[in-house]
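Asker: The residues making up each chain are set out below.
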Amino acid sequence: MKSAVIVFPASNRDRDSADVLEKVTGTKPYMVWHGETEVPDVDLIVLPGGFSYGDYLRCGAMASQSRIMRDVIAKADKGVAVLGICNGFQILTESRLLPGALMRNAGLKFVSKPVPVEVEETQSMFTRRYRQKQRVVYPVAHGEGNYFADDETLNRLEGEGRVVFRYASGENPNGSARDIAGVLNEKRNVMGLMPHPECACDPMLGPPDGLGLFEGLVEALS
Amino acid sequence: MKARVFVTLKNGVLDPQGKAIGHALNNLGFDAVGEVRQGKVIDIELADKDESRARADLKDMCEKLLANTIIEKYEIELKP
Numbered sequence: 001m002k003s004a005v006i007v008f009p010a011s012n013r014d015r016d017s018a019d020v021l022e023k024v025t026g027t028k029p030y031m032v033w034h035g036e037t038e039v040p041d042v043d044l045i046v047l048p049g050g051f052s053y054g055d056y057l058r059c060g061a062m063a064s065q066s067r068i069m070r071d072v073i074a075k076a077d078k079g080v081a082v083l084g085i086c087n088g089f090q091i092l093t094e095s096r097l098l099p100g101a102l103m104r105n106a107g108l109k110f111v112s113k114p115v116p117v118e119v120e121e122t123q124s125m126f127t128r129r130y131r132q133k134q135r136v137v138y139p140v141a142h143g144e145g146n147y148f149a150d151d152e153t154l155n156r157l158e159g160e161g162r163v164v165f166r167y168a169s170g171e172n173p174n175g176s177a178r179d180i181a182g183v184l185n186e187k188r189n190v191m192g193l194m195p196h197p198e199c200a201c202d203p204m205l206g207p208p209d210g211l212g213l214f215e216g217l218v219e220a221l222s
Numbered sequence: 001m002k003a004r005v006f007v008t009l010k011n012g013v014l015d016p017q018g019k020a021i022g023h024a025l026n027n028l029g030f031d032a033v034g035e036v037r038q039g040k041v042i043d044i045e046l047a048d049k050d051e052s053r054a055r056a057d058l059k060d061m062c063e064k065l066l067a068n069t070i071i072e073k074y075e076i077e078l079k080p
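So the protein lines, in turn, are chains A and B.
Residue numbers are given in my numbering: position 136 of the first sequence equals residue 136, and the series is strictly consecutive.
Residue numbers are given in my numbering: position 31 of the second sequence equals residue 31, and the series is strictly consecutive.
No lab work stands behind these hints: they were computed from the structure.
Just so it is clear, the structure is predicted and the values come from calculations on it, not from any experiment.
Here a beta-carbon is modelled for each residue, glycine too, at the ideal position from N, C-alpha and C.
Heads up, a few of these hints could be off.
[As the list claims (entries may be wrong)] Chain B regions said to be covered by chain A (calculated; three or more residues, Cβ under 8 Å): (1) 14-25; (2) 68-74.
[What the hints assert, rightly or not] Each pair of labels, with its calculated beta carbon distance range: (3) A:Gln123 x B:Arg55: 41 to 49 Å; (4) B:Lys64 x A:Asp150: 19 to 27 Å; (5) B:Lys73 x A:Gly26: 47 to 55 Å.
[To be verified] Which chain B residues stay away from chain A? Per the calculated CB distances, all over 12 Å, these: (6) Arg4; (7) Gly29; (8) Ala32; (9) Arg53; (10) Ala54; (11) Lys79.
Just need the whole structure built from these sequences, with the hints factored in.
Answerer: Pasting the structure below:
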């Protein structure tokens, strides 16, 4: 499986993503700067966490207009797998590759802590290695992770099995609608989530609950 | 030509910052303060002389970048 990580000014989890990708694929991912016009021919594109463009205007808004995103959108439309983590999820909603929006945390505070999350949907290349309702712990680190969409959209996402991750009951850190932590697009090749699976992959740092996501992708895309 | 764009959260979308500001104003003794909603003001200088074209462009700017219309609404004010 070949992969690429897009690097925006003030991305800061790009190397965490790169480390995991190298670990599970055996190959270093391409690190693609936001000013480039084309992503190399890969099976997976990761939009990493961070504070692209200093979160100016709205989180992810400026990054969604960057030059490289035109090609990311084109490749996503062609079916290339795209994973957006944290700021990457915000960029995906701002690009309209995923429905909804991520708003200021309901409690107004930046939240940085491990959070129990439940795998809601295993029929996806991102979660095939997990069991339905499996509880995993991923760290979160964000100030704007409050997932919002109108009721009609939320019902459709739930009905179509596109809510992939939910915060465990009583553990919602940001006020997200229906405890949603991660969603899929209609074609199921684009996923965004606020928690950081890439930061839960090294046993030195705690239970490597995030590895399953990347190993599942290797299995599906190799 | 100068334009001023107001971007605010849609009615019904929770605005925790507005709420916090409202509480702070109440705590300062401004008992009359009810609901508070916070938004953004963006001032834009435009080379365009034609008002209707400027308005159409500004609407396009709001839809494409300045507002996220899933959660926000916008108003445009033009000054010659």
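Asker: Evaluate the given range 19 to 27 Å for the C-beta pair formed by Lys64 of chain B and Asp150 of chain A.
Answerer: Since Lys64 of chain B and Asp150 of chain A have Cβ atoms about 21 Å apart, the given range 19 to 27 Å holds.
Asker: Is the Cβ of Arg53 of chain B farther than 12 Å from every Cβ of chain A?
Answerer: holds, 22 Å
Asker: Would you check whether the claim that Ala32 of chain B is not at the interface survives, using Cβ distances to chain A and the 12 Å cut-off?
Answerer: holds, 24 Å
Asker: Find the nearest Cβ of chain A to the Cβ of Arg4 of chain B and say whether that gap is larger than 12 Å.
Answerer: Holds: least Cβ distance 16 Å, greater than 12 Å.
Asker: Check the non-interface label on Gly29 of chain B: least C-beta distance to chain A beyond 12 Å or not.
Answerer: Since the minimum Cβ distance to chain A is about 23 Å, Gly29 of chain B lies beyond 12 Å and the statement holds.
Asker: Counting residues of the region 68-74 of chain B whose CB is closer than 8 Å to a CB in chain A, do you get three or more?
Answerer: With 3 residues closer than 8 Å to chain A, the region 68-74 of chain B meets the three-residue bar; holds.
Asker: State, for the Cβ atoms of Gln123 of chain A and Arg55 of chain B, whether the hinted interval 41 to 49 Å holds or is violated.
Answerer: With Cβ atoms ~47 Å apart, the hint holds.
Asker: How does the coverage statement for the region 14-25 of chain B fare against chain A, requiring three or more residues with Cβ below 8 Å from a Cβ of that chain?
Answerer: holds (count 4)
Asker: I want to verify a distance hint. Is the separation of the beta carbons of Lys73 of chain B and Gly26 of chain A within 47 to 55 Å?
Answerer: Roughly 50 Å apart at Cβ, these two residues keep to the hinted range, so it holds.
Asker: Minimum Cβ separation between Ala54 of chain B and chain A greater than 12 Å?
Answerer: Holds: least Cβ distance 21 Å, greater than 12 Å.
Asker: Is it the case that Lys79 of chain B keeps its Cβ farther than 12 Å from each residue Cβ in chain A?
Answerer: holds, 22 Å
When held up to the earlier numbered hints, the structure conflicts with none and fits them all.
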